[in-house]
Amino acid sequence: MTGWLILALLGIGTVATFLSGIGILVMKGDFNQLHYLGPSGTIGVFCIGLAVILDKPWSSLSGKTLAIMIIIAAATTLGTHLTARSLRIRAKGDWHSEPKD
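So in my numbering, spot 49 of the sequence shown is number 288, and the numbers just go up one at a time.
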């Protein structure tokens, strides 16, 4: 039973990462492409990491995998935010929103 769950999680993680890559290639515009980084950094990482944890429970590998999952999820979120901010600064000259008239 656990073997099928591990295979399903690996499949979901792989498909999420693959579709994110396709979305980045297909979408036009930098800000639209940034939206497709999310599934690979969250769904893909957590499904593949959970599969590793289920395969080797209660070992040093599962602890390291959990730590890596948290670091990758935080880095993906932070990297996306910083990339969007730098794109906005390049386009507008400032990252603050424009005042309403």
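Any given hint could be a false lead.
[Claimed, not checked] No farther apart than 20 Å at their CA atoms in a straight line, the calculated lysine to any residue pairs in the SDA-like style are these:
id, residue 1, residue 2
1, Lys295, Thr241
2, Lys295, Ile307
3, Lys303, Asp333
4, Lys267, Ile251
5, Lys303, Ile245
6, Lys331, Gly268
7, Lys303, Lys267
[Said to hold, decoys possible] Each pair of labels, with its calculated beta carbon distance range:
id, residue 1, residue 2, range
8, Ser298, Glu337, 50 to 58 Å
9, Gly332, Gly268, 12 to 20 Å
10, His320, Pro296, 27 to 35 Å
11, Leu293, Arg327, 37 to 45 Å
Honestly, the hints are just simulated from the structure, not real lab data.
Just so it is clear, CB atoms sit at the ideal spot from N, CA and C, and this is done for glycine as well.
Practice item. Starting from Lys267, check that the Cα of Ile251 is at most 20 Å away, please. Key: violated, 26 Å
Practice item. Decide if the proposed pair is consistent with the structure: Lys303 and Lys267, CA atoms, cutoff 20 Å inclusive. Key: violated, 37 Å
Check your understanding: Falls inside 37 to 45 Å, the C-beta gap from Leu293 to Arg327?
Key -> Holds: the Cβ-Cβ distance is about 41 Å, inside 37 to 45 Å.
Exercise for review: For Gly332 and Gly268, compare the CB-CB distance with the range 12 to 20 Å and indicate the outcome.
Suggested key: holds, 19 Å
Check your understanding: Is Lys303 close enough to Asp333, meaning Cα to Cα at most 20 Å?
Key -> Cα-Cα ~40 Å, so violated.
Practice item. With a cut-off of 20 Å on the C-alpha distance, tell me whether Lys295 and Thr241 pass. Key: Measuring from Cα to Cα gives roughly 11 Å; hence the hint holds.
Review point. Straight-line Cα separation of Lys303 and Ile245 no greater than 20 Å?
Key: Within the cut-off at roughly 18 Å; holds.
Practice item. May I ask you to test the hint 50 to 58 Å on the CB atoms belonging to Ser298 and Glu337? Key: holds, 53 Å
Point to revise | 20 Å limit on alpha-carbon distance, applied to hinted pair Lys331 and Gly268 | key: Cα-Cα ~15 Å, so holds.
Point to revise | Hint consistency between Lys295 and Ile307 [alpha-carbon to alpha-carbon, up to 20 Å] | key: Answer holds: Lys295 to Ile307 is near 15 Å, not above 20 Å.
**Study point:** Pro296 and His320 - C-beta distance against the hinted 27 to 35 Å
**Key:** Since the Cβ atoms of His320 and Pro296 sit about 34 Å apart, the hinted range of 27 to 35 Å holds.
Violated hints, listed in ascending order, are 3, 4 and 7; each of the other numbered hints is respected by the structure.
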